[in-house]
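Undergrad: Residue-level listing of the chains:
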Amino acid sequence: MEDFYRDYILDHYRNPRNFGHLENATVSAEELNPLCGDVIRMDLQVDDAGIVREVRFSGKGCAISQASASMLTESVIGMPLEAVAKLSKDVVLENVGIGISPTRMKCAMLGLRVLKTAAIGSLAAWPDEE
Amino acid sequence: MEDFYRDYILDHYRNPRNFGHLENATVSAEELNPLCGDVIRMDLQVDDAGIVREVRFSGKGCAISQASASMLTESVIGMPLEAVAKLSKDVVLENVGIGISPTRMKCAMLGLRVLKTAAIGSLAAWPDEE
Amino acid sequence: MIHVRERTAQEIRADFPIFARPTGRGKPLVYLDSAATSQKPQSVIDALDTYYREYNANIHRGVYEIAARATEAFEAARARVARFINCAPGELIWTRNTTEAINLVAYAWGNANVRAGDVILLTELEHHSNLVPWQLLAQRTGAVLRFIPIDERGVLVLDGLDRLLDGCTILSIAHVGNTLGTIQPLDRIIPRARAAGALVVVDGAQGTPHLPVDVAALDCDFYAFSGHKMLAPTGVGALYGKRSLLESMPPFLSGGDMIRTVGYERTTFNEPPWKFEAGTSNIADAIAFGVAVDYLADVGLGWIREHEKRITRYALERLTALAPRGLVVYGPRDPEHIGGVLSFNLGDVHAHDVASILDTEGVCVRAGHHCTMPLMEKMGWHATARASFYLYNTEEDVDTLVSALEKAARIFKL
Amino acid sequence: MIHVRERTAQEIRADFPIFARPTGRGKPLVYLDSAATSQKPQSVIDALDTYYREYNANIHRGVYEIAARATEAFEAARARVARFINCAPGELIWTRNTTEAINLVAYAWGNANVRAGDVILLTELEHHSNLVPWQLLAQRTGAVLRFIPIDERGVLVLDGLDRLLDGCTILSIAHVGNTLGTIQPLDRIIPRARAAGALVVVDGAQGTPHLPVDVAALDCDFYAFSGHKMLAPTGVGALYGKRSLLESMPPFLSGGDMIRTVGYERTTFNEPPWKFEAGTSNIADAIAFGVAVDYLADVGLGWIREHEKRITRYALERLTALAPRGLVVYGPRDPEHIGGVLSFNLGDVHAHDVASILDTEGVCVRAGHHCTMPLMEKMGWHATARASFYLYNTEEDVDTLVSALEKAARIFKL
Ligand SMILES: Cc1ncc(COP(=O)(O)O)c(C=O)c1O
Ligand SMILES: Cc1ncc(COP(=O)(O)O)c(C=O)c1O
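Here the protein sequences line up with chains D, S, P and F, keeping their order. Plus 175 on top of the position in the first sequence (first one is 1) and you've got my numbering. Plus 175 on top of the position in the second sequence (first one is 1) and you've got my numbering. Plus 27 on top of the position in the third sequence (first one is 1) and you've got my numbering. Plus 27 on top of the position in the fourth sequence (first one is 1) and you've got my numbering.
Hints are computed from structural coordinates only; laboratory data are not their basis. Note that this is a predicted model, so its numbers are computed, not measured. Every residue, glycine too, gets a C-beta built ideally from N, C-alpha and C. The reader is advised that the hints may include incorrect statements.
[To be verified] Sample of chain F residues at the chain P side, in silico, Cβ under 10 Å: (1) A84; (2) V390; (3) W408.
[Stated by the list, open to error] Pairs of lysine to aspartate or glutamate residues, derived as EDC-like cross-links and limited to a Cα-Cα distance of at most 16 Å, are as follows: (4) K405(P) with D178(P); (5) K405(P) with E292(F); (6) K261(S) with E304(S); (7) K440(P) with D375(P); (8) K54(F) with D375(P); (9) K235(D) with E404(F); (10) K235(S) with E81(P).
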């Protein structure tokens, strides 16, 4: 777990990519991490072909949830919204590149859950429980 | 405990003394053994000097509760009602003359509790808990 | 599940340390009161010990190693118990016992849905725990109670069932009766209750220990049961509820753990099952409950059922020898319809006296009203003695019971 | 009680088997989360083991030897726990935990006595378990909630208390706050609440583990607490209630054991405390709770309090060294007013990240909102890390905490 706090994770935490809101969001969602009460919001702008053009995330939280969300925004730009709806936990695990302890899994998966909720249009399951 | 079921106990069980009701009872009480739901009733007739002249008990129950109640009626005839109100569990233990297992203590004490309740005029504590 | 080799009751018995100890009078323990609470195998006792020695920690919100291990074991136990009755883990709420589980339904579902004049249908042989909560719900709401009647052997009379179900909001019924051991024909009752639009609650306190239970096949809405009657520790039970009901129902107990967000004035609740679990759970005992159902599944519910039928049949045979001395067995006579329970009386001897004399021979039976006072009154029984059998009982236990009963008959000169 | 010789924390530690095991990374366990749940001494674990190996049986109605032993041990445990808080055994109801105890009061007393417009007074620092049950009671009855405010250190502001108490039906207040460890001045609050005619409920979850508690001297009506926070197993807690209230109050959960007589239509209830204990109790854990309070009384609550003050003072001193790297401690600073709990944050590092890094060093702290979301929001804290101390913690534990925090500061480049 200590290995988790690597420089590139801390960099995403301290300098989150695509942070903020989208005025012209096509879909949005916001969800809470029951473990700590942290909330993440995702705004997506989707073009007519169904491709994600822009993403912004917002919220306050731990390094794991923030860095995971930040990396995730980079992963989904250019993806069809349908594909976002079907993302599995693996996208997060590959992004962060290192084992996450079970107790922190919800932190790591929160951003993905919010993203999938926005893409599906109704509350997505926890990706680690699917 | 097996020793409890001696002939004189079984005799009181099969042939209870002072069994029945008193038409002209001065005080009466009825209580339940929470262990089994057995109920005993005691009717007392008290003279002007406050002396117990007659007693009748009724109810259905185990050998221990019935024999204890039967013997008890014999013990209290002629006693001042005030003294009945103050009887301790010892009167029962002496009557039955043998150790009673803790689980059956309520059975043995039920008659005495009812008697004391009648004498006091309000619900008496369990004699074994005083 | 495939069993390479069936175990014998003797082998099973060796897994239960309590049988290794003689009673205070030096007799072997003949435990015939499993319907009240079962004994526990070593593996269940060990699960508690391991939890407290190795990874005791509060669950769900802890980040550190032992909290992670405790949370995982706790939720894994939920999944095991859920699988044991064929439901999803998200449909299984931990409670203290069957009684709390039934109260949960009566308060949470009942208060929200039952109106004056509604009918709550029970049977005449219910345990107090499946009667009093409904009486109190009826008092709170103005609903009325109806009862499916029983015949003189304690068997449900289903002739008038559709009339009784007419306008019925809730049917709550024991899977297996605890005084007579009667196995209820739920497959004939539940479909008719569903057709009548009633909520179906099953009191499974005597069901899960003895019968393979599949809540999906039963098609009930709620199923309540107790760990302590099925090899698990005291203090833990469970309530199965259909997911959609659990989602729409308001919570019951409230406080820590069952919330999503809390403000001074307003609160939102967690998803089921956690929505119904307030405060620190009985973590250790829930984990041990998971071990208990694994033990049962490993022995095999089919084997247990056959074993109980064997013992019940043997006991019925042996007890007939005492009929001339006044022994009467109540309830149905066919072991096919009995869940390992026999209620009886010996002549005019009070059941408590019978039980006390049996105790001197190391034989543990229950005596009294068995928390079914209305049934007793209806049948005209003052009290009965009850012997109940489980996977660790043997034919020798029955032999000891019979000779202890002979002793009682001797003492009371029957 | 006279202690021939005071024990040292090191000796006490040896009674808790969990400390003999290193963590998965081979570090000694530094358990600083006793406010969530405490560790258990060998004697408590042994009590469970002995119960299940020697005399497991259902209580109160059993006639045979092991049932007698179980009943006696169960009621003796009640008497021990009652003596521990200075009440009569008949005033002590077993519950699962503090949360259930508070819910019992909110349902049984609350539903019977609270009317629309009534005032329920709480404080701004309550645990969800002493807030949500009252919110739901207010929703059921139309009562309104008021809150005693806190200052920026989390200390109650009592200036307006009499105004707040005006027309108040219930005051419910934590004895010791769980997020900041604040010991509440109950001696200054309860007399005024009584004068105002309010029912006084105390959430003692963090009281009984750490302070000598005398409910008669406190003069509260109800006092709720959890065994698992004071060396007892999970799954058992207790509610003290004044005898007269317990007698007049309707029951809460209903079913087996809490009844006197039951008919199909009508039921009468047992005396307190059994009137409030429905179904098979958590027998083994209640017995072990009795052993736990004996252990605490034997060490001495006075010793425990002094020890916690020592450790808290030492921790406050040692943590100042981290102030330049952004460590902030919340709440009151005087160990006299703190019940062995310190909440803090390290610079802009999220409390969860702090806790995860501490975990790699074997240090267990809690991180998050500690089931006090409204308090967190009011104080403007997103989350805090919380270290809590108990009788088995030592100054070395604090040293390890500090060096683990230094590691976290290093990783996050503070
Ligand atoms: C102040 C306070 N109240 C109530 C509770 C709830 O205790 P339990 O979870 O044992 O019901 C806690 C424990 O977290 C607490 O600290
Ligand atoms: C049929 C039935 N229902 C309910 C109960 C109550 O179970 P518990 O005491 O575990 O709540 C019992 C157990 O005595 C029972 O046999």
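Undergrad: None of the hints should be skipped; say for each whether it holds.
TA: Here is what the structure says about each hint:
With its C-beta approaching chain P no nearer than about 7 Å, A84(F) sits inside the 10 Å limit, and its interface hint holds. Annotation: V390(F) was flagged as interfacial toward chain P, and the flag holds, the nearest CB pair being 8 Å apart, inside 10 Å. About 15 Å separates the beta-carbon of W408(F) from the nearest beta-carbon of chain P, more than 10 Å, and the hint is not met. Restraint check for K405(P) and D178(P): satisfied, since their Cα atoms lie roughly 10 Å apart, inside the 16 Å limit.
Restraint check: the Cα-Cα separation between K405(P) and E292(F) comes to about 13 Å, which is no more than 16 Å; the hinted pair holds. For the hint linking K261(S) to E304(S), the alpha-carbon distance of about 14 Å falls within 16 Å, and the restraint holds. The suggested pairing of K440(P) with D375(P) holds, with an alpha-carbon distance near 11 Å, which does not exceed 16 Å. A distance of roughly 68 Å separates the Cα atoms of K54(F) and D375(P); the hinted pair therefore is violated under the 16 Å criterion.
The straight-line distance between the Cα atoms of K235(D) and E404(F) is roughly 13 Å, inside the 16 Å bound, and the hint therefore holds. At most 16 Å may separate the alpha-carbon atoms for a hinted pair to count; K235(S) and E81(P) exceed this at roughly 54 Å.
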